[in-house]
Amino acid sequence: MKKILIFFAIAFSLIIKSQQKNDSLNIALQNVTKDTKFGLALSGGGAKGFAHIGILKMIDSLGIKVDYITGTSMGGILGGLYAMGYNADQLKNTIYKMDWNRILSNKIPYSKVNISEKDEYDKYILEFPVVKGFPTLPGSYIEGQYMGEVLNTLTFNAKHINDFSKLKIPVQLTSSDIENGGLIMQKQGSLPLAIRATLAIPAAFAPVYIDGKLLVDGGLDRNYPANEVREMGADFVIGGYTGFRLFTKKEIENPMKMIYQTHAIRSVEDFKHQKELSNVLVDFVDPLGEITTKDFAKFRRIIKIGEVEARKHLPEFVALAEAQRKAGIQYEHQMIEEVKLPTVKFTFNEEDGTPINDAAEVEVLKKQMGLTEGKYYDAKTVNEAIDRVFGMRQYVKVYYTYTNENDGLVMNVFVKRAKKGAFKLALHYDTEQSVGIIVNYTYRNILLNRSRFLATVDISERFKAKLAYQQFLDSGERLWLDLEAKMINLKSNDLNFRLYDVNDDGSDRFPNHMYRNITGKIALNYNVSPNAYLSLGTEFSTERMYSLLDKVDQSKVDNYSKKLYNHSNFNTFLKFEQNNLNKRYFTTKGNHLQVSTRFYYGDQYELYDLNTVQPLLYLILNPKDSYYYEPKNLISFTLNENYFYPITRRLTVKANVFLGASFGSKRDDQVPYLFLNQKYNLGGSEYNNDLLSPEFNGLRQKELPMTSVAKAAVSLQYRIMKKLYLTPSFSYGKVSEELSPFNNSFDMFGYGVNLGYESLIGPISINVSRNNQLDFSRIYFSIGFKF
Numbered sequence: 001m002k003k004i005l006i007f008f009a010i011a012f013s014l015i016i017k018s019q020q021k022n023d024s025l026n027i028a029l030q031n032v033t034k035d036t037k038f039g040l041a042l043s044g045g046g047a048k049g050f051a052h053i054g055i056l057k058m059i060d061s062l063g064i065k066v067d068y069i070t071g072t073s074m075g076g077i078l079g080g081l082y083a084m085g086y087n088a089d090q091l092k093n094t095i096y097k098m099d100w101n102r103i104l105s106n107k108i109p110y111s112k113v114n115i116s117e118k119d120e121y122d123k124y125i126l127e128f129p130v131v132k133g134f135p136t137l138p139g140s141y142i143e144g145q146y147m148g149e150v151l152n153t154l155t156f157n158a159k160h161i162n163d164f165s166k167l168k169i170p171v172q173l174t175s176s177d178i179e180n181g182g183l184i185m186q187k188q189g190s191l192p193l194a195i196r197a198t199l200a201i202p203a204a205f206a207p208v209y210i211d212g213k214l215l216v217d218g219g220l221d222r223n224y225p226a227n228e229v230r231e232m233g234a235d236f237v238i239g240g241y242t243g244f245r246l247f248t249k250k251e252i253e254n255p256m257k258m259i260y261q262t263h264a265i266r267s268v269e270d271f272k273h274q275k276e277l278s279n280v281l282v283d284f285v286d287p288l289g290e291i292t293t294k295d296f297a298k299f300r301r302i303i304k305i306g307e308v309e310a311r312k313h314l315p316e317f318v319a320l321a322e323a324q325r326k327a328g329i330q331y332e333h334q335m336i337e338e339v340k341l342p343t344v345k346f347t348f349n350e351e352d353g354t355p356i357n358d359a360a361e362v363e364v365l366k367k368q369m370g371l372t373e374g375k376y377y378d379a380k381t382v383n384e385a386i387d388r389v390f391g392m393r394q395y396v397k398v399y400y401t402y403t404n405e406n407d408g409l410v411m412n413v414f415v416k417r418a419k420k421g422a423f424k425l426a427l428h429y430d431t432e433q434s435v436g437i438i439v440n441y442t443y444r445n446i447l448l449n450r451s452r453f454l455a456t457v458d459i460s461e462r463f464k465a466k467l468a469y470q471q472f473l474d475s476g477e478r479l480w481l482d483l484e485a486k487m488i489n490l491k492s493n494d495l496n497f498r499l500y501d502v503n504d505d506g507s508d509r510f511p512n513h514m515y516r517n518i519t520g521k522i523a524l525n526y527n528v529s530p531n532a533y534l535s536l537g538t539e540f541s542t543e544r545m546y547s548l549l550d551k552v553d554q555s556k557v558d559n560y561s562k563k564l565y566n567h568s569n570f571n572t573f574l575k576f577e578q579n580n581l582n583k584r585y586f587t588t589k590g591n592h593l594q595v596s597t598r599f600y601y602g603d604q605y606e607l608y609d610l611n612t613v614q615p616l617l618y619l620i621l622n623p624k625d626s627y628y629y630e631p632k633n634l635i636s637f638t639l640n641e642n643y644f645y646p647i648t649r650r651l652t653v654k655a656n657v658f659l660g661a662s663f664g665s666k667r668d669d670q671v672p673y674l675f676l677n678q679k680y681n682l683g684g685s686e687y688n689n690d691l692l693s694p695e696f697n698g699l700r701q702k703e704l705p706m707t708s709v710a711k712a713a714v715s716l717q718y719r720i721m722k723k724l725y726l727t728p729s730f731s732y733g734k735v736s737e738e739l740s741p742f743n744n745s746f747d748m749f750g751y752g753v754n755l756g757y758e759s760l761i762g763p764i765s766i767n768v769s770r771n772n773q774l775d776f777s778r779i780y781f782s783i784g785f786k787f
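For the sequence shown, the UniProt record's numbering begins at 1 and goes up steadily by one.
None of these hints come from the bench; they were simulated from the model. Watch out, some of these pointers could steer you wrong.
Claimed, not checked - Once the Cα atoms are required to be at most 27 angstroms apart in a straight line, the calculated BS3-like pairs of lysine-lysine come out as: (1) 345 x 34; (2) 380 x 521; (3) 491 x 380; (4) 326 x 34; (5) 521 x 166; (6) 654 x 294; (7) 37 x 367; (8) 367 x 57; (9) 466 x 187; (10) 632 x 654; (11) 786 x 464; (12) 312 x 345; (13) 107 x 723; (14) 123 x 562; (15) 168 x 420; (16) 734 x 583; (17) 464 x 345; (18) 37 x 187.
Unchecked claim - Estimated spans, in silico, between C-beta atoms of each pair: (19) 451 x 669: 49 to 55 angstroms; (20) 418 x 562: 25 to 31 angstroms; (21) 720 x 211: 36 to 42 angstroms; (22) 451 x 723: 35 to 41 angstroms.
Glycine residues also receive a C-beta, built at the ideal position from the N, C-alpha and C atoms.
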């Protein structure tokens, strides 16, 4: 009986509250006149804020007029864009089309990275800025470069408006002063920058400087700004709340949820006061359930929930729409028209607004952007100019605002410099070499401005290392000096060694051979475009091959010596490279073209006496054997083109054409002898940038060294699901030991299939392939980024 009484008491209480709410709404609607002003307040909530689309659709479908808007975080984005004139359907379509993975990262498309920086971009798991010689944690997770570009594009029609009260609907966006504390309402300035500030969740997104203040997400002080829309002049408030819910005692046993709760308590308490200022309020918290602020991938589900919950308030919205019509209030909502004004002036500033005083740096920025005063530029052109600056990787953020001046616009460019030093890490493993940790230290402007020094070491059984220095020589950052020293120490997959280095019973005599190569390069490069360059340089190369035996195997051989040969030479090269691929791995669009010619000279060769120990191997390593001749004035020509074309959103076709040939003196009765660093080393299933190592199905990496190669290949990359790809491939080639691939050549064709996944620690690949020259299949597995 007691439980029944409690039930009826609670039910009666809810009925009373609901009646009071309805009475309050009815009184407010009865008092609507032509002069009544209507406000819209939208809360923050990260991805949960997509639910506000349901309210905006209700407003549009019933023709409800809104006079003022306030918004926080995601509510600020939607509110700011709605104030410009976007309708609910346009905003929904924008959310559907957005690449949220890209927005919520610090990455830009590979095609927008300058060709001088592509070698190091997107190949490390972790990057730490170096301060006073020690790696430190970054100030925030996401700088938001692409996010800024998207916001500038979406708000470009309103770029000439610096007073937000002059928009189609006056709007104010909340932000918090993270340095001094307190709520800051963004009422003027740059609309995209104000939106960017209101969504700057501390430690997740970098804070934003506006008028000398360092601003972050306004939800710290006011997540649901109903009071602020009242202060703007609203007599009647429509609200949407997607904010915090308090966790239970059991849930806060999780330390992360405990930290979350400390912030949520204040916000929930503030919401209790703010909701009393609302006449129609859609509270999405309970319907959104376990959906979190970071669930951007669930945007479809969140929007659907928002639409369903908003329809539950249909009687309230209908009553409001009828009250407005009776009062003679007309609904008008259309996109603000762009005023095509010329850019009459450019300013260049630090992120905090301090003007850049270095004239040389300003000149570099101007030339990189390539924009001139007195012309009108559309959003695409301006964004491309900003991308060119950011693609040089000297800055971690580059953005712009507009201000009005003398019948034109002033474009204010702001930059946030990258830390001079950066410490980077990556992991890798593959079945052909070994597991390793790649450690990189990059330092910029170490000797002169606009320079980059890097040292990279692969800490593994197959040790690799690289030192490189780049120095731009002109203010346009087109001409640059490139110095590099590199060493690799790899297990040799050379098929010849397994075929000829055998015992009498046919077993491998020395099963493991190691190949070590050290190169030094100096080149002068010229950027033809941000994605293409010409290079003229000279390279020194020294290579060594040796056998690797354990103590037991050594005891079986009387004249054991691990040395096979040493060889060194020089080459002078001319190279053209163009790369506009949209991604480094699992590319879906673009092409990568490499064309190179090399002149070889200065050969020094030392072949150790293997005749009594490995006579067959000695024959193929001896250039003085009567079977061979050494070509004079050897010149090679290499072309490698990889083209990717998206057929559908999931399916991409890749075509590859490779040609490697050499020119030099010929003898009809002998075969030309080319050293290993002059040959084309076929093999491998993974796409690589090495001009001398074309991949080919059914072979291990660099398994088949040949004098010349002509090859064509095609593959179809199908995205099975998010980040998971299935890629069947077919390749055909003509290979020869002659200088031309079409003389005394033999045909090779291979086929295979690759299963790949884009993981946080790098690409993961499982490949099975086969070719007509070997009667078995190759299985290859790799994980992580490559050296």
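Here is how each hint holds up against the structure:
1. 345 x 34: Not satisfied, since the Cα-Cα distance of roughly 44 angstroms exceeds 27 angstroms.
2. 380 x 521: 38 angstroms, violated
3. 491 x 380: 49 angstroms, violated
4. 326 x 34: 9 angstroms, holds
5. 521 x 166: 59 angstroms, violated
6. 654 x 294: Status violated; Cα separation ~34 angstroms.
7. 37 x 367: Answer violated: residue 37 to residue 367 is near 50 angstroms, above 27 angstroms.
8. 367 x 57: Given pair residue 367, residue 57 is violated - Cα atoms ~45 angstroms apart, limit 27 angstroms.
9. 466 x 187: 52 angstroms, violated
10. 632 x 654: 38 angstroms, violated
11. 786 x 464: It holds: about 11 angstroms lies between the C-alpha atoms, which stays within 27 angstroms.
12. 312 x 345: Violated, at about 52 angstroms.
13. 107 x 723: Holds, at about 16 angstroms.
14. 123 x 562: 35 angstroms, violated
15. 168 x 420: 44 angstroms, violated
16. 734 x 583: Violated, at about 30 angstroms.
17. 464 x 345: The given pair, whose Cα atoms are some 50 angstroms apart, is violated under the 27 angstroms limit.
18. 37 x 187: 18 angstroms, holds
19. 451 x 669: 49 to 55 angstroms: 53 angstroms, holds
20. 418 x 562: 25 to 31 angstroms: 45 angstroms, violated
21. 720 x 211: 36 to 42 angstroms: 49 angstroms, violated
22. 451 x 723: 35 to 41 angstroms: Since residue 451 and residue 723 have Cβ atoms about 36 angstroms apart, the given range 35 to 41 angstroms holds.
This entry does not satisfy hints 1, 2, 3, 5, 6, 7, 8, 9, 10, 12, 14, 15, 16, 17, 20, 21, going by the numbered hints stated previously.
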